[in-house]
Structures are given as C-alpha cells and as structure tokens.
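Trainee: Sequence:
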Amino acid sequence: MTSEREWHLVDARGQTTPATISSYFKIYTPPKTDIWRPSPDEDRFDAPYIYTRLKSSEFKSISVMLSADWKTLYDQGGLVILWPAAKKEESRWIKFGIEYFTGKPLLGVVGCDRFSDWSVCPLPIATATHATLEAVREGTTLWIYLVFNMERRPLREVKWAFLEDREAKAEMRVGTYAAKPTPEEDDAEKGLEVIFRDLKLETVT
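Heads up: take any position in the sequence shown, counting from 1, add 43, and you land on my numbering.
Don't take every hint at face value.
Below are the DSSO-like pairs computed for lysine-lysine, each with C-alpha atoms no more than 27 angstroms apart in a straight line [stated by the list, open to error]:
id: 1; residue 1: 202; residue 2: 130
id: 2; residue 1: 69; residue 2: 243
id: 3; residue 1: 212; residue 2: 103
In short, the hints are calculated from the structure, not lab data.
My request is simple: use the sequences and hints to build the entire structure.
Mentor: Here it is as structure tokens:
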C-alpha cells in the first residue's frame, strides 16, 4: 500500500515528510524552482518533491488529485517519475500535472529522455483549479491520463519510459512535486502551496 512505503522529501527547505502521504498532504515551493532541461547548459531539478524508490519492474501505476491557487506564469505541481543516474545529465524523468500558462491553469506533460519537451491542453472545465492524473505502465510504454468523470482521457504516450536499462532492475523514484519558476511581481519571495489528495501507487506484488 502507498502509506506503508518509505517516502522521502527532497529540497524540503524546512518541511517535513507528511504523515498522511496517501490521503492528504501539501508541498510548499519557494519561487525560482523548476524541473526542466531544455539544453545542455540548463539542467534544473531543484523543485521540492516527495518520492519513494522502487525497481522499474515493480511499477504498475500511480495517481493523485492536486489543486492550488495557480496564478503566476509556470506555477505547477503534479506527479514526477525519475530514473536517476550517476551523472545528472544522464537522468531521465517525466513530470505531469497542472501548469499555469496563457493566463489559466492547463494540463501539462514534460518528458525528458535527453532534453525536455512540453505539451499542454485545457482542463475539462475551464474554471477548474484541480485535476486527477494517472500514469500506467503498458509493457515498455508509459501512458499518462487525466481521470475525469470516472473516465481515463489519454494525454501522452511515452514510448521510451521502460526501454533499455530502465526496464527491469533500474531504480525509479515516483512521487509528487511543486515548482514555481516565476516570482510574483508584487511579492518576489512568495511561494506556492500545492495540495495533494488520494495518492495511489500500485506495484507488482
């Protein structure tokens, strides 16, 4: 079960790992934080995130509902899946959730095999500030879904997720994150608090 696993909080900045990791918890992020690698000269992974370790062969799915007061460009939070490496630039990761862009919160997915790509799409309800996201393994592929009205809506198919050495014994880190790349104009020190509910991690037993 999700609550029985050992969870770790990275870049905590005074935060502690929540006691109720499966039902309800928050992550606070200060400004100027991100997970993003658009080029060899810009490789950022300084956003606070909560994760648990497992082998790639053990992973089946992860889902969570998240919400926040999104209002500044690139305010974001969601799920993150990381395959760490000895060299930072060789790590691979996928993040997906809600990101504030073009004046409203959108659904966003970023995959980083070598460098980051990014895709966005509207929330199913234009005024919504919350969403439930899920990632499901199918063979060597990872499918990312929006869960809405008890229906899975596909957002991205990641073909490289479980290929090569990431297929079996490779370590994975899966969990949730929050990031705020852009400081607020009227308060440059103000951060962002993202609320998470019903975190569920399913593994091979």
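Trainee: Can you list which hints this structure breaks, lowest number first?
Mentor: Of the numbered hints given earlier, the structure breaks none, since each of them holds.
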